[in-house]
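Just so you know, we're using the working numbering here: the sequence shown kicks off at 3 and counts up by one.
Among these hints, one or two may not hold up.
[To be verified] Distance condition first, Cα-Cα at most 30 Å in a straight line; then the derived DSS-like pairs of lysine-lysine:
id: 1; residue 1: K351; residue 2: K316
id: 2; residue 1: K558; residue 2: K275
id: 3; residue 1: K565; residue 2: K661
id: 4; residue 1: K342; residue 2: K275
id: 5; residue 1: K565; residue 2: K660
id: 6; residue 1: K161; residue 2: K275
id: 7; residue 1: K351; residue 2: K339
id: 8; residue 1: K275; residue 2: K565
id: 9; residue 1: K275; residue 2: K660
id: 10; residue 1: K660; residue 2: K558
id: 11; residue 1: K275; residue 2: K661
[As the list claims (entries may be wrong)] FRET-style restraints, in silico, Cβ to Cβ:
id: 12; residue 1: N597; residue 2: A169; range: 53 to 59 Å
id: 13; residue 1: I181; residue 2: L572; range: 17 to 23 Å
id: 14; residue 1: D317; residue 2: P210; range: 52 to 58 Å
id: 15; residue 1: P167; residue 2: G209; range: 52 to 58 Å
id: 16; residue 1: A352; residue 2: G683; range: 56 to 62 Å
id: 17; residue 1: V298; residue 2: T274; range: 32 to 38 Å
id: 18; residue 1: R421; residue 2: F312; range: 35 to 41 Å
id: 19; residue 1: V586; residue 2: V302; range: 41 to 47 Å
id: 20; residue 1: M347; residue 2: D317; range: 34 to 40 Å
id: 21; residue 1: D332; residue 2: A690; range: 55 to 61 Å
id: 22; residue 1: Y326; residue 2: N597; range: 54 to 60 Å
id: 23; residue 1: Y326; residue 2: A163; range: 32 to 38 Å
id: 24; residue 1: G207; residue 2: I707; range: 35 to 41 Å
Honestly, the hints are just simulated from the structure, not real lab data. As the structure is a computational prediction, the values presented were derived from the model and not from experiment. In this text, a Cβ means the ideal position worked out from N, Cα and C, and glycines have one as well.
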Amino acid sequence: MFLRGENRVPFTYFLYPSTWSYHGVYALFPRLDLGKIRHGRASSWIWFTSSPSPLSGGWSQRLRSAATSSAAPPEAAHDFLDDVARRNVDAHTVCLPRVRPAASGGPRMNANNLFQTGLYIVVLIALAIPLGRYMTSVLDGSSVVVRRIGRPLEGVLYKLAGVNPEAEMAWTHYALAVIVFNALGALVVYGFLRLQQWLPANPQGFGPMTPDAAFNTAISFVTNTNWQNYTPESTVSYLTQMAALAVQNFISAATGIAVVVALIRGFARHTTKTIGNFWVDLTRITLYIFAPLATVIALVFISQGAIQNFESYKDVATLQVTTYQTPRTDAQGNPVKDAKGNPVMVDNKADRQTIAMGPTASQEAIKMLGTNGGGFFNANSAHPYENPTPFANFVQMIAMLVIPAALCLVFGRMVGDQRQGYAILAAMTIAFAAACWVEISSEQGGNPLLASLHVDQTASALQPGGNMEGKETRFGIAQSGIFTVATTSASCGAVNNMHDSLTPIGGLVPLLLIQLGEVIFGGVGSGLYGMLVFALLAVFVAGLMIGRTPEYVGKKIESYEMKMVSIAVLLTPLLVPVGASVGVLTAAGVAGIANPGPHGFSEILYAYSSAANNNGSAFAGLSVNTPFYNVTLAIAMWFGRFGSIIPVLAIAGSLADKKRIAVTAGTLPTHGPLFVVLLLGTVVLVGALTYVPALALGPVVEHLIMISGH
3 MFLRGENRVP FTYFLYPSTW SYHGVYALFP RLDLGKIRHG RASSWIWFTS
53 SPSPLSGGWS QRLRSAATSS AAPPEAAHDF LDDVARRNVD AHTVCLPRVR
103 PAASGGPRMN ANNLFQTGLY IVVLIALAIP LGRYMTSVLD GSSVVVRRIG
153 RPLEGVLYKL AGVNPEAEMA WTHYALAVIV FNALGALVVY GFLRLQQWLP
203 ANPQGFGPMT PDAAFNTAIS FVTNTNWQNY TPESTVSYLT QMAALAVQNF
253 ISAATGIAVV VALIRGFARH TTKTIGNFWV DLTRITLYIF APLATVIALV
303 FISQGAIQNF ESYKDVATLQ VTTYQTPRTD AQGNPVKDAK GNPVMVDNKA
353 DRQTIAMGPT ASQEAIKMLG TNGGGFFNAN SAHPYENPTP FANFVQMIAM
403 LVIPAALCLV FGRMVGDQRQ GYAILAAMTI AFAAACWVEI SSEQGGNPLL
453 ASLHVDQTAS ALQPGGNMEG KETRFGIAQS GIFTVATTSA SCGAVNNMHD
503 SLTPIGGLVP LLLIQLGEVI FGGVGSGLYG MLVFALLAVF VAGLMIGRTP
553 EYVGKKIESY EMKMVSIAVL LTPLLVPVGA SVGVLTAAGV AGIANPGPHG
603 FSEILYAYSS AANNNGSAFA GLSVNTPFYN VTLAIAMWFG RFGSIIPVLA
653 IAGSLADKKR IAVTAGTLPT HGPLFVVLLL GTVVLVGALT YVPALALGPV
703 VEHLIMISGH
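Could you put together the complete structure from these sequences and hints?
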């Protein structure tokens, strides 16, 4: 709308963006200087993206009347805006909490939070069902795309690589191919990072990474962790981003799906020594699943404003000149002091800004779809060039979990009983919804320490309320909370808010989801094979209770399978506490802590949990770009990834060699509510209780300190 007539200013009104879920609108508000309104001047535009509109209800009606009636005097709009000013809702302060007597925080799961969480889960499941059908046809070779269109291309690739696509592999050969291929990939990435100063597509002239940082980064991307101890936009060239890191984003994700498909074949086949061909699986997953989906998602991101170019960085003049002081130094770099021993300060002026460019949208698509998580920019998905709008954010959240959800349905179809897949999916969905509830409630409840400062943290028409530290106002509490749960349920690690700024319980949720082994949906492939390992453990425990040999999907679960299950389940609980203990007991580890006390311990615990479980997110207050952390975290990443893949493939080989047994009256049904509860109980008891002592020393103590008012 526009105010018309003499002395009136343009004023465009859209719905406020945290109402986006209801109205589908992402809003631009004019940033108005109310002191200049009567003179007909308005200042520049600014993004507003958090809570319900201050112009809702009666206020919007008053503005609408003043704007649309040509007979209305100019004073109508002026009086309205004066009213807005009196209510402290001008554009300069509307996003800040008003100072007033402390509020209780209001409902923690309000209608907006519930709606957005429910909408996300419904859309996720709705998209997973057809994707599961398509993926099944690709993986079993029955797809028309594979048989008629892709075979010629596949044939060329197999011929160039010297691969016989008809030759299947035993589990030992499959595991060897996985490890050797990924080890070679790590060497290639390391080479790019160390030699990029001599390679093309490096318009900023970035130099090489240090050996320890390059080692850490190479292992990180090969293991699907994407732990980033560097600032991408000031460290990595365009060629390195595309030819090294993005390639691994495809390959590492395809490796995870290949492993879970091999395990599913172990359940589906009988009396055979083979579980498929790794090279064929890798090729088809990349060509027919990741490539087309990533292309579509990249185009969506571009339509929303994510950048995609190969231009040099832009040096622009800032809108406002900033002055600041720095100590004067001598030729040796030592501070110069005056006669009183005080440092001599020098005035500086900042009036220029460098704006990073690059092929962001294409990298962002596979980053999310492959649950990789490594950002093109240091701010990751909080950066507006990576994740510009609430709709783009919603697509990113869907992309993270749609393949893991679809793989549950692939499992049911390939073993010949879709109910098995639905049971696994139901268990994951219940756990995910519960985690979202706790996370969003904790963040919406805010920080009780601010009550003594008379800060209003209640969600209202003027503010999103809650703990907004480290969050983007264009996403608000709900989308930040769902994103946090999704990225740590999966092995993604992308962030659209800073996990280090979460409340203690808000930080406990993602930490616990990682420590569970990221089996609540989980990473592409790795989440499902992790959950199937827990399913084997659950039926084994049930078999012990009723005195029968445990069975799952028509296969007996015997001592060999349980030995491999034990290795897969206990490996990361060994890596995490050992790594965290070394971190807190050594000078090199403690040196990286910026927040001493329980939160500092939580930062170290989160780092090793994230690395060993191949997540990649972090409590960013910990300084980890040091030789100590680069080496120890890389070791945790490598063994956390391949130390669990090997026993999973061993289970696949053993199951494929077994006969299928018939269902009898004594067989435990593994497709109903009872099994869903049993499976969730096993995950919680084995996965969560392992870390209770460590969690009690970190986020639990921090929460108790916070609520006690200290």
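Hint-by-hint comparison with the structure:
With a C-alpha separation of about 19 Å, the suggested pairing of K351 with K316 holds against the 30 Å cut-off. Distance check on the hinted pair: K558 and K275 sit about 16 Å apart at the alpha-carbon level, within 30 Å; holds. For the proposed pair K565 and K661, the alpha carbon gap of about 20 Å is at most 30 Å, so the pair holds. Annotation: proposed proximity of K342 to K275 is violated, straight-line Cα distance about 83 Å (limit 30 Å).
Distance restraint check for K565 and K660: the Cα-Cα separation of roughly 17 Å lies within the 30 Å cut-off, and the hinted pair is therefore satisfied. Between the alpha carbons of K161 and K275 the distance comes to roughly 25 Å, so the proposed pair stays at or under 30 Å and holds. Between K351 and K339 the CA atoms are separated by roughly 22 Å; this keeps the pair inside 30 Å, and the hint holds. With a CA separation close to 19 Å, the supplied pair K275 and K565 stays within the 30 Å bound.
Straight-line distance between C-alpha atoms of K275 and K660 comes to about 9 Å, which keeps the hinted pair within the 30 Å bound. Between K660 and K558 the CA atoms are separated by roughly 8 Å; this keeps the pair inside 30 Å, and the hint holds. In summary, the hint linking K275 to K661 is supported, as the alpha carbons are separated by about 12 Å, within the 30 Å threshold. Restraint check, N597 to A169: a C-beta distance of roughly 55 Å satisfies the suggested window 53 to 59 Å.
Roughly 20 Å separates the CB atoms of I181 and L572, a value that falls within the hinted 17 to 23 Å. Judged by the Cβ atoms, the range 52 to 58 Å given for D317 and P210 is violated: they are separated by roughly 24 Å. For the hinted restraint 52 to 58 Å between P167 and G209, the CB-CB distance of approximately 42 Å leaves it violated. For the pair A352 and G683, the beta carbons lie near 57 Å from each other, so the given range of 56 to 62 Å is met.
For the hinted restraint 32 to 38 Å between V298 and T274, the CB-CB distance of approximately 37 Å keeps it satisfied. Taken as a hint, the range 35 to 41 Å is violated for the pair R421 and F312, whose Cβ atoms sit roughly 50 Å apart. V586 and V302 have their C-beta atoms about 43 Å apart, which keeps the hinted 41 to 47 Å range intact. Between M347 and D317, the C-beta spacing of about 27 Å breaks the proposed range 34 to 40 Å.
One distance hint, 55 to 61 Å for the beta-carbon pair D332 and A690, holds here, with the actual separation near 57 Å. Judged by the Cβ atoms, the range 54 to 60 Å given for Y326 and N597 is violated: they are separated by roughly 25 Å. Roughly 57 Å separates the CB atoms of Y326 and A163, a value that falls outside the hinted 32 to 38 Å. The hinted window of 35 to 41 Å between G207 and I707 is violated, with their beta carbons roughly 47 Å apart.
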